[in-house]
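*Asks:* By the count of our numbering, the sequence shown reaches residue 270 at its end, each step adding exactly one.
Just to be clear, a hint being listed does not mean it is correct.
Claimed, not checked - Derived lysine to any residue pairs resembling SDA-like cross-links, with alpha carbons at most 25 angstroms apart: (1) K114 / V173; (2) K150 / F237; (3) K150 / F50; (4) K114 / H210.
For the record, the hints were derived by calculation from the structure and aren't laboratory data.
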Amino acid sequence: MDQRLDEYLARQPRFDASGLTRLHVLDEPVGWLEPQIGRFLQAFSPSFVHNGPQLVVTSSIEEVESLFGRAALAMRAAGLIHGWRNEPYTCFALDASGAPDLNRPLFKLERGAFRRFGLTSRAVHVNGYAADRRLWTGRRSPNKAIDPNRLDNLAAGGIAAGEVPDVCVIRELWEEAGVPVELARRVCASTTSRSTRNEPDGIHDEVLYNYDLLLPGDFTPRNTDGEVAGFTLMDVDTVLGRLGEFTDDAGLVTATFLRRQGWA
Numbered sequence: 007m008d009q010r011l012d013e014y015l016a017r018q019p020r021f022d023a024s025g026l027t028r029l030h031v032l033d034e035p036v037g038w039l040e041p042q043i044g045r046f047l048q049a050f051s052p053s054f055v056h057n058g059p060q061l062v063v064t065s066s067i068e069e070v071e072s073l074f075g076r077a078a079l080a081m082r083a084a085g086l087i088h089g090w091r092n093e094p095y096t097c098f099a100l101d102a103s104g105a106p107d108l109n110r111p112l113f114k115l116e117r118g119a120f121r122r123f124g125l126t127s128r129a130v131h132v133n134g135y136a137a138d139r140r141l142w143t144g145r146r147s148p149n150k151a152i153d154p155n156r157l158d159n160l161a162a163g164g165i166a167a168g169e170v171p172d173v174c175v176i177r178e179l180w181e182e183a184g185v186p187v188e189l190a191r192r193v194c195a196s197t198t199s200r201s202t203r204n205e206p207d208g209i210h211d212e213v214l215y216n217y218d219l220l221l222p223g224d225f226t227p228r229n230t231d232g233e234v235a236g237f238t239l240m241d242v243d244t245v246l247g248r249l250g251e252f253t254d255d256a257g258l259v260t261a262t263f264l265r266r267q268g269w270a
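Taking the hints into account, I'd like the entire structure generated from these sequences.
*Replies:* Now the structure itself:
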């Protein structure tokens, strides 16, 4: 086992709930709010009610999606939300383990607002590798709202409302790395990870659906949506030495892959 891998995993950011308020929607604990966000929401609408350590939404299931949409727009206008994407995510109720219960969707909301409400999002990440144990890594565009210029997996992206991981991963492989559908269908689901941490723009809480894809030697990734600046094929030693340059989520996925494959 390579000590660099253990040291990197030990440095992974941790979630600290100190000073945060639990957000309850339709009697379900779904998010985390910083103090100033809780105050903003209470001033925005009487439907946000402070109840001890909780902020409770009193709206009905028919009203809650509209309420959150309007609140998010108000937060954007106030400069509290950046990187608006015009792409909805689904907020699900959480099961006993704290994971999204996909059978209990609660409401849809602009993905750029999820961190401010501390809601649990979902994403796919693909470890693209060659037969000689080298990994394809992408470098995020300098224009990305989150983690510009950081290293990333071959492909990664959020799961939109109404989308399932196995469909999302095919879409992301084409958009981010130009992987044709016939090749993308060879992708193998591997593990699921959870990445939760405090960020300047709220709480990042994301379930990561991890996939592996063995790429032929004559394939070179090419970005098609402008979100990736370029790709590099790295050997394991180089990846281990540069784990700190990856986004937190991609670094976790990559480290888990190396350990699972027995390469480090």
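*Asks:* Determine for every hint whether it applies to the structure shown.
*Replies:* Here is how each hint holds up against the structure:
For a cut-off of 25 angstroms, the pair hint linking K114 to V173 stands: about 19 angstroms separates their Cα positions. Between K150 and F237 the alpha-carbon distance is near 16 angstroms, which keeps this suggested pair within the 25 angstroms criterion. For a cut-off of 25 angstroms, the pair hint linking K150 to F50 is broken: about 30 angstroms separates their Cα positions. Between K114 and H210, the direct Cα distance comes to roughly 17 angstroms. Compliance with the 25 angstroms bound is thereby established for this hinted pair.
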